[in-house]
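Undergrad: Okay, here's what each chain looks like letter by letter:
2 protein chains.
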Amino acid sequence: MKYQHNFNPTLSDEDIFNEIIKEKEYIGYYNLMHEDTTSFKDYAKTVKQSNIVVIGIGGSTLGTYAIYKFLKHSKNLSKKLYFLETTDPIDIKSKVEAIDLNDTLFIVVSKSGTTIETISIFKYINSLVKCDKNNTLVITENDSKLNKYAKVNEIKTFDIPKNVGGRFSVFSAVGLLPLAIVGIDIDELLSGAKEVYDSFFTKGEDYHRVLKKARFFVEYKNSFNMNVVFSYSSRLEGFNKWYIQLWGESLGKVDINSSRQGLTPIGIIGPIDQHSFLQLIVEGKRDKTITVIKVDDFDSNLKIPHVELEGLSELDYLDNIEFSSLINKQADATIESINNLNDIPCDVITIDGVSERSIANLMYEYELLTSVCAKFMYINAYDQPGVEAGKIILKEKLKGIK
Amino acid sequence: MKYQHNFNPTLSDEDIFNEIIKEKEYIGYYNLMHEDTTSFKDYAKTVKQSNIVVIGIGGSTLGTYAIYKFLKHSKNLSKKLYFLETTDPIDIKSKVEAIDLNDTLFIVVSKSGTTIETISIFKYINSLVKCDKNNTLVITENDSKLNKYAKVNEIKTFDIPKNVGGRFSVFSAVGLLPLAIVGIDIDELLSGAKEVYDSFFTKGEDYHRVLKKARFFVEYKNSFNMNVVFSYSSRLEGFNKWYIQLWGESLGKVDINSSRQGLTPIGIIGPIDQHSFLQLIVEGKRDKTITVIKVDDFDSNLKIPHVELEGLSELDYLDNIEFSSLINKQADATIESINNLNDIPCDVITIDGVSERSIANLMYEYELLTSVCAKFMYINAYDQPGVEAGKIILKEKLKGIK
Numbered sequence: 015m016k017y018q019h020n021f022n023p024t025l026s027d028e029d030i031f032n033e034i035i036k037e038k039e040y041i042g043y044y045n046l047m048h049e050d051t052t053s054f055k056d057y058a059k060t061v062k063q064s065n066i067v068v069i070g071i072g073g074s075t076l077g078t079y080a081i082y083k084f085l086k087h088s089k090n091l092s093k094k095l096y097f098l099e100t101t102d103p104i105d106i107k108s109k110v111e112a113i114d115l116n117d118t119l120f121i122v123v124s125k126s127g128t129t130i131e132t133i134s135i136f137k138y139i140n141s142l143v144k145c146d147k148n149n150t151l152v153i154t155e156n157d158s159k160l161n162k163y164a165k166v167n168e169i170k171t172f173d174i175p176k177n178v179g180g181r182f183s184v185f186s187a188v189g190l191l192p193l194a195i196v197g198i199d200i201d202e203l204l205s206g207a208k209e210v211y212d213s214f215f216t217k218g219e220d221y222h223r224v225l226k227k228a229r230f231f232v233e234y235k236n237s238f239n240m241n242v243v244f245s246y247s248s249r250l251e252g253f254n255k256w257y258i259q260l261w262g263e264s265l266g267k268v269d270i271n272s273s274r275q276g277l278t279p280i281g282i283i284g285p286i287d288q289h290s291f292l293q294l295i296v297e298g299k300r301d302k303t304i305t306v307i308k309v310d311d312f313d314s315n316l317k318i319p320h321v322e323l324e325g326l327s328e329l330d331y332l333d334n335i336e337f338s339s340l341i342n343k344q345a346d347a348t349i350e351s352i353n354n355l356n357d358i359p360c361d362v363i364t365i366d367g368v369s370e371r372s373i374a375n376l377m378y379e380y381e382l383l384t385s386v387c388a389k390f391m392y393i394n395a396y397d398q399p400g401v402e403a404g405k406i407i408l409k410e411k412l413k414g415i416k
Numbered sequence: 015m016k017y018q019h020n021f022n023p024t025l026s027d028e029d030i031f032n033e034i035i036k037e038k039e040y041i042g043y044y045n046l047m048h049e050d051t052t053s054f055k056d057y058a059k060t061v062k063q064s065n066i067v068v069i070g071i072g073g074s075t076l077g078t079y080a081i082y083k084f085l086k087h088s089k090n091l092s093k094k095l096y097f098l099e100t101t102d103p104i105d106i107k108s109k110v111e112a113i114d115l116n117d118t119l120f121i122v123v124s125k126s127g128t129t130i131e132t133i134s135i136f137k138y139i140n141s142l143v144k145c146d147k148n149n150t151l152v153i154t155e156n157d158s159k160l161n162k163y164a165k166v167n168e169i170k171t172f173d174i175p176k177n178v179g180g181r182f183s184v185f186s187a188v189g190l191l192p193l194a195i196v197g198i199d200i201d202e203l204l205s206g207a208k209e210v211y212d213s214f215f216t217k218g219e220d221y222h223r224v225l226k227k228a229r230f231f232v233e234y235k236n237s238f239n240m241n242v243v244f245s246y247s248s249r250l251e252g253f254n255k256w257y258i259q260l261w262g263e264s265l266g267k268v269d270i271n272s273s274r275q276g277l278t279p280i281g282i283i284g285p286i287d288q289h290s291f292l293q294l295i296v297e298g299k300r301d302k303t304i305t306v307i308k309v310d311d312f313d314s315n316l317k318i319p320h321v322e323l324e325g326l327s328e329l330d331y332l333d334n335i336e337f338s339s340l341i342n343k344q345a346d347a348t349i350e351s352i353n354n355l356n357d358i359p360c361d362v363i364t365i366d367g368v369s370e371r372s373i374a375n376l377m378y379e380y381e382l383l384t385s386v387c388a389k390f391m392y393i394n395a396y397d398q399p400g401v402e403a404g405k406i407i408l409k410e411k412l413k414g415i416k
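For the record, the sequence lines run as chains R and A.
FYI, the numbering for the first sequence is 15 to 416, going by our numbering.
FYI, the numbering for the second sequence is 15 to 416, going by our numbering.
Isolated chain R, as found in the complex (with noise of 0.2 Å):
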């Protein structure tokens, strides 16, 4: 007698670390750091505008910025970087006006090359300062018609690889090159995604942490249908944004079997959340997982000063504590009282410092986690096909307008 099937009762941690290998082989996001950097670097020395404005979308700025928030007070940049993200005609109008649009190099940033969106600022941005060879540059797919527009006027164009979709293309010239430019150490960002890739496909640390977490955010799922991040440090909300649409897009799916599957991603900012969302997350439903992310190192002696404040001496206690002790000990009792309770699933993440090889462990092992959630779920995790209808409602609505 013998026997085959393609039953898996439980999926093992084996299972889906085969699916992962098997799937890293055509999805590009895996090996980005593996990379030669050279040519982005290269043109980032040939740079002279003092400000750079991306202009893009969710994927094509998301990443970007939530690298540039992180880090920017804490480096020495040469140059400023700005993003001209949404249609809203008050902000457009606000941005531009604080820009010097002739020391500027405009990014225009478009997977598909024809998002609505990036397209509209980007011929507003036309009729405002010529746009060519010299201060424009186009990241997009080879073979895009805003590839086409670039090469016909000699606009110098790097590519976003046809397998690295919008969301999970930071470490491709969509993050690196704004990066690189403005004077973050891409190389580093890169080295920070490999420890976290070596890490896991050596079924290391992260292996057991992402496949451990994945399981449980599946399997209970129906309990906890909100995953909230909840970042100590106001430097990570560009990460918390750019989390939202990692899990939302990706997991926000129609599994193998029709059924609605979707974890709903909630970032916050602690301390400020603790005066708003933290009662919710005390009292309310027991519906949330929460992934606290913690600062190690700040690299800051900013310090509460011994200043006496007649009437407010009970408070004497917070003399001469540094700014980033407060903080981690803010995080410290907030992940206290959570575990106090006993009944909502709290993790921490800390990450060592304010700097490249940090957020890139973070925001790898981010990826690798949704990854992973989608196998178990039995989802793609890279596609949006949800959102196609809207687009084609709005594309008829602005015909019919004109």
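No lab work stands behind these hints: they were computed from the structure.
Be aware that one or more of the hints could be misleading.
Since the list gives no way to pick out one identical chain from another, each pair is judged satisfied if it fits inside one copy or across any two copies.
Said to hold, decoys possible - BS3-like mimics (lysine-lysine), calculated; alpha carbons at most 25 Å apart, straight line:
(1) Lys94 to Lys83
(2) Lys409 to Lys317
(3) Lys62 to Lys299
(4) Lys93 to Lys107
(5) Lys317 to Lys413
(6) Lys317 to Lys405
(7) Lys107 to Lys308
(8) Lys55 to Lys93
(9) Lys299 to Lys226
(10) Lys107 to Lys86
(11) Lys308 to Lys411
(12) Lys405 to Lys308
(13) Lys299 to Lys235
(14) Lys144 to Lys299
(15) Lys83 to Lys107
(16) Lys226 to Lys59
(17) Lys83 to Lys109
(18) Lys109 to Lys317
(19) Lys109 to Lys93
(20) Lys235 to Lys89
(21) Lys317 to Lys144
(22) Lys89 to Lys109
(23) Lys308 to Lys409
(24) Lys227 to Lys317
(25) Lys89 to Lys107
(26) Lys86 to Lys208
Position chain A against the provided structure of chain R, taking the given hints into account.
TA: Same frame as chain R, now just chain A:
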């Protein structure tokens, strides 16, 4: 035979309304639009400094920020408003370095008067610049320790009424004073709140809308445990944050049956989050209600110009469309694609314009909606007992490290 009872097999709209009328006698926020604003406006006229820095967190800043962010680019404001909220050392340092502290009025806002973040930052500011009656203003409860400090130092104070909670305080001195100082018309704000007040309490349109919506949210809370506010203007980003605090902290509570309640607020921005969260709404689990907020009139004629981009002519249908029209069509396309699915609860609020009156309409209606939901849930919307445990742990930790 006689009969008395306090059963409410089904709470009628009338029952809820009567509860609100009773509550209005002792919960202060309902009536803030009847205040006399003369003292705020008179004080505002005396302010000479160009920069206004609000030191506060949570309810002490979110409402003010929401209104300022909404209006700042559309009004010709005379001064700049900044917020120091977080204990993140990099955030504090970068903000403080960007402001001329010698040309700054510091407004310290804390209801309790002993908020750790607020006093820590105020102490730090004291070490950089002398804070006294010439450059400092205090907004707090009339018997707080911060009030005592102010009195000793002859610093001007304004009161936060005892019966107005932080997250419901935007139309008190907390919001009105900083906003009046930078040049926002606070009487128009109160008129906007009063329009909704009048309509609600005379059982007009707002009464019916708020009651119907709250009833739906609470009756279906187990199916739809998240409420997404999808705001189609980047100017509403502050409103989204304010809503998250209002909703989360008011409704995340244990009810009279010791049952955990709570509807989770999520704030997203269109069209940016069409490229981030929309996929999850459309294909993910049916666990969310969606409220789309539109701005009818952006008071902007910013247009997509007719610019020929060779290779991209398929997008020429965008030419000559105003950005305000584009963003509203994007909202309409999203709404239509959601409604076509027929299984996602979705409503649309269109505010008139980028004006004091419009944002106040919206905020006061959300305050009422929050109060009414809390009544349906048999919870107290106005306390936040869940965050106390963390505060005690933090204090112990901080005293321990000294």
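Undergrad: Are the hints correct? Go through all of them and say.
TA: Checked hints:
1. Taking identical chains as interchangeable, the C-alpha atoms of Lys94 and Lys83 lie at most 25 Å apart whether they share a chain (11 Å) or sit on different chains (22 Å).
2. Taking identical chains as interchangeable, the C-alpha atoms of Lys409 and Lys317 lie at most 25 Å apart only when they sit on different chains, with a minimum of 17 Å there against 55 Å within one chain.
3. In this assembly of identical chains, the alpha carbons of Lys62 and Lys299 never lie at most 25 Å apart, being 54 Å within a copy and 49 Å across copies at closest.
4. Within a single copy, Lys93 and Lys107 get their C-alpha atoms as close as 21 Å, and across copies as close as 19 Å, so both meet the 25 Å cut-off.
5. When the C-alpha separation of Lys317 and Lys413 is checked against a cutoff of 25 Å, the pair qualifies only between copies, where the shortest distance is 15 Å, while the shortest distance within a copy is 58 Å.
6. In this assembly of identical chains, Lys317 and Lys405 lie within 25 Å of each other by CA distance solely across copies; the values are 20 Å between and 51 Å within a copy.
7. For the homomeric pair Lys107 and Lys308, the shortest alpha-carbon distance between copies (19 Å) is at most 25 Å, but the shortest distance inside one copy (36 Å) is not.
8. Taking the shortest alpha-carbon separations for Lys55 and Lys93, only the intra-copy value of 15 Å comes in at or below 25 Å, while the best inter-copy value is 42 Å.
9. With identical chains, the CA atoms of Lys299 and Lys226 are at most 25 Å apart both within one copy (24 Å) and between copies (23 Å).
10. Taking the shortest Cα distances, Lys107 and Lys86 sit within 25 Å of each other both inside one copy (24 Å) and across copies (12 Å).
11. In this assembly of identical chains, Lys308 and Lys411 lie within 25 Å of each other by CA distance solely across copies; the values are 17 Å between and 46 Å within a copy.
12. For the homomeric pair Lys405 and Lys308, the shortest alpha-carbon distance between copies (18 Å) is at most 25 Å, but the shortest distance inside one copy (39 Å) is not.
13. Taking CA atoms no more than 25 Å apart as the test, Lys299 paired with Lys235 passes in both settings, with 14 Å inside one copy and 10 Å between copies.
14. Taking the closest pair of Cα atoms, Lys144 and Lys299 never come within 25 Å of each other, the shortest separation being 55 Å inside a single copy and 47 Å across copies.
15. For a Cα distance limit of 25 Å, the shortest separation of Lys83 from Lys107 qualifies both inside one copy, at 22 Å, and across copies, at 15 Å.
16. Proximity of Lys226 to Lys59 under the C-alpha cut-off of 25 Å is found in neither arrangement, the shortest distances being 43 Å within a copy and 60 Å between copies.
17. Taking the shortest alpha-carbon separations for Lys83 and Lys109, both the intra-copy value of 17 Å and the inter-copy value of 14 Å come in at or below 25 Å.
18. In the homo-oligomer, the alpha carbons of Lys109 and Lys317 lie at most 25 Å apart only across protomers (15 Å), although the nearest pairing inside one protomer, at 34 Å, exceeds that limit.
19. In the homo-oligomer, the alpha carbons of Lys109 and Lys93 lie at most 25 Å apart both inside one protomer (16 Å) and across protomers (18 Å), since each shortest distance falls under that limit.
20. Taking the closest pair of Cα atoms, Lys235 and Lys89 never come within 25 Å of each other, the shortest separation being 40 Å inside a single copy and 46 Å across copies.
21. When the C-alpha separation of Lys317 and Lys144 is checked against a cutoff of 25 Å, the pair qualifies only between copies, where the shortest distance is 17 Å, while the shortest distance within a copy is 48 Å.
22. When the C-alpha separation of Lys89 and Lys109 is checked against a cutoff of 25 Å, the pair qualifies both within a copy, at 23 Å, and between copies, at 16 Å.
23. Within a single copy, Lys308 and Lys409 get their C-alpha atoms only as close as 44 Å, which misses the 25 Å cut-off; across copies the closest is 19 Å, which meets it.
24. In this homomeric assembly, Lys227 and Lys317 never come within 25 Å of each other (Cα to Cα): the closest approach is 36 Å inside a single copy and 48 Å across copies.
25. For the identical chains of this complex, Lys89 and Lys107 are inter-copy neighbours only, at 14 Å across copies versus 29 Å inside a copy, given an alpha-carbon limit of 25 Å.
26. In this assembly of identical chains, Lys86 and Lys208 lie within 25 Å of each other by CA distance solely inside one copy; the values are 22 Å within and 44 Å between copies.
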